[in-house]
Structures are given as C-alpha cells and as structure tokens.
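Residue numbers (my numbering): 82 to 479.
Simulated from the structure, these hints should not be mistaken for lab results.
Backbone N, C-alpha and C define an ideal beta-carbon position, used for all residues, glycine too.
Mixed in with the good hints, there may be bad ones.
Derived SDA-like pairs: lysine to any residue, alpha-carbon spacing no greater than 20 Å straight-line [unchecked claim]:
id: 1; residue 1: 419; residue 2: 367
id: 2; residue 1: 114; residue 2: 146
id: 3; residue 1: 208; residue 2: 162
The calculated label-pair distances, taken between Cβ atoms and stated as ranges, are [stated by the list, open to error]:
id: 4; residue 1: 312; residue 2: 427; range: 25 to 35 Å
id: 5; residue 1: 318; residue 2: 211; range: 15 to 25 Å
id: 6; residue 1: 290; residue 2: 347; range: 45 to 55 Å
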Amino acid sequence: MQDDVQDKEVEIQRMQEVYGNAAVTICATTTAKATQSLLMPRLAWSKLVKACRIGTSWLTVSPTLPADLRARAPLSLRAWTLQEEHLSPRLLFWGGQRFSWACGRGEYVEDSSSSTLSRPSVTPSRKFLAECRTAEPNELWLAWNSIVESYTARSLSNPADRFNALAGFATRYLAAVSGYNKYMAGLWRATFAQDLLWRVARPARLDEEWPGNVDAPSWSWASLPISLGVRMWDKFEMPTEIELVGDGASVKVEPSEAVAQGAGLSYVRVRGLLRTLWSPKSQLREWSDVCVQVDGVNKFRSGSNPGQDVHAVDSLTGNLFAYEARKQEIVAEMDSRKLAEDITEQLLLEIYDLAISEHGMPLLRRKNVMGAFQRVGIGFGCRRDFFKGLERTEVVIA
C-alpha cells in the first residue's frame, strides 16, 4: 500500500523474493521517474546501416553494448532500481530506441541475430546472482563491493531509505555465504577489517547535505552524503590487526530479519593498535610547501629541516600528509572538505590512526568526552614501525 509505513517495512524485507521470483522484470532505462511515458518515437534504427567505402578504408557503425548505454541512462542514477536490475533472473530493458533481453544465457538486442556477448560471459546485471549461486567467498564479496560502489553513486530522494533500498542485496548475500556472518550497517562481520577500508571517490563538498536523519555510524559508507560514490577495498585475503569485541554469534533468525537488525547498528567496539597521526610537536605547513606535482603525480618533501615533524592538508582534494623526523611520510585523505578545512584552521588538532593492515588504516577523531571515536578519512598504508611499542587498546567507533 502506497505510503503505508508498516506495509513498506514488510515489503522491503521481501525484495529479493519479489524480483528473484519474477517471470520477467521490465526496466524502463530512459525514464527518470515512474510518471514518465514508456513509449516514444523510435527513429534511431529505422534505417538500414551499411558499411561505406572511402578509398581503401571502410567505415561502419559498431553498436554500443547495452550495458554501456544503460550506464549513461536515467535508470542507472536511481538507487531503488539497482535491485530490480541485479536480483531479477530475466530482464527486459526497454530503451528509448531499442530493447534488450538479459538472462542467464547472455544479453540479446532487438533486431540482432546473436548475443552481443560471448556465451561464457556474465553480463554486469547477472554477476551478483551468479556469484550468489556459486557462493565462492572471494568472488561473492567482490560482487557485493561492486554493488555498493554503484549504489552509493546513485540518487535517493529520501535519505531514510539508505539501507532499505539495499536490503534485498544484503538478504541475498547473507543467505548465500557459508559460515557465520553478520550484516553491520552496510559492512560484513566476516570481512569487517577489509570493509572498513572504503574510500570516497572525492571528498564531500561543503554544500553537500549529510544524511542527518539516517542513524548510520561514521565507519559505514552509508553515513556519507547521498550520491557520493565510494571505492571499496579489493583484497579479500588480508592479515588484520584488529578484532571485534563483544560480538559473538546471536540468536539465529531469517536473513531478512538479520539484515533489518544489522541496519540499525550504531557503533562497534574493536581491539587494536591506535596512535595519533602526527605528534604534538609537529608543525602545520601549507600544502604547497610539502607537495609538488610532477606529471600529474604528487611528490612530497619534508622541507629544509628533515629533523622537524610536519603535517599539511589540501582543503580542495582532502589529501593529508604527515611526516616524522627522518622517517617515511604517511599519506591519507579526508572524507570531506570540511574536515580538511578544520585541520587548516586548527580546529581539528588530533587525528588518530587505527591499525588495520600495512596497506590501509581508518583515520579517527574523538567524537565525545565519553571516549568514542568517529571516522574522518583513510590512510594509505604505513611504515612497519609506525605502531611499534604500542599495546592493543579497546576502541569504540560510532
């Protein structure tokens, strides 16, 4: 029932069943909203295309793959439509000028005698379902990450639906994985360390509205502004330095209910190595003093005094640099320009690193006087002695 809150909660938990059991799902690729017309004049392919010879060369038109066309269509901008495209076994993509049919055997285009893809290939919209069937942990996890990357870049009119529009994927994933796992506000317990290492496609702008009415923890990508894409970590096998605390196996419930419960998670407690990114004696420098671009690549320098600790931040890109005397620098990036500006204006004086692996570490700041921390960015690895001599401590991240 339209706008019925209770009915909406029930149906959201059934999306993987609705689309998964559909005989066929019709996807209107060129309409931006449900009230727009599905039918329109179709003139683009009304003429027969023939090769043309010019001198010794031949010119012809190579058809664009349907997946490439859809990537530029209004359908790919809407968060709610991602589930219908990836959870349905059979799809009819109705485009402005021609339609295509996608199923387990491949994807076929109107007026085309053969599949546009080789028979063994898996179309992008079939990848997630295919991996759920085989349940190979590495490939299934990568397929989930691909879904998250596409989902975060899409628009959503109601930020409160941030987890709802992804619930079908999460339920299907949880049902497919082997062994104990738990949905944790867009991340997974079994790969929690890897999942923490997401990074923003760009730092959030000052004018972007953060979803304040969504109770998403800062360590989840769901806490970011709507349509701000993320890039997920891509190494499944990874030694990690942290462990979750007080998160043992819970009472077994149906996957859909477990996903609904996991979406409400507001904090985690972990045990790991924690230290400040720069020392109290570090001097704040201008970004231009520590970074120059050579052929489009950032090159860093510590300055004329290699014995002085320094740090700097670029408020436009969110890039962060921290140098300790005569040691390899740490390079990181902030999740938003506002956080970068707070460092520049010395409103944010301390940033902490939580050791995950030698390849990446979340950046944290103290959220309140009770000792909880909040994610503010990501560091791109560290030297081997960065956490030397520290003992593991219990950290609450909200």
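To see whether the hints hold, each was checked on the structure:
1. For the hint pairing residue 419 with residue 367, the CA-to-CA distance comes to about 17 Å; that is within 20 Å, so the pair holds.
2. For the given pair, residue 114 sits about 24 Å from residue 146 by alpha-carbon distance, which is inconsistent with the 20 Å threshold.
3. With a CA separation close to 16 Å, the supplied pair residue 208 and residue 162 stays within the 20 Å bound.
4. Taking 25 to 35 Å as the suggested C-beta distance range, the pair residue 312 and residue 427 conforms, at roughly 30 Å.
5. For residue 318 and residue 211, the Cβ-Cβ distance of about 21 Å falls inside the hinted range of 15 to 25 Å, so the restraint holds.
6. Checking the proposed 45 to 55 Å range against residue 290 and residue 347 shows it is violated: the Cβ atoms sit about 20 Å from each other.
Taken one by one, the earlier hints fail for this structure at numbers 2, 6, listed in ascending order.
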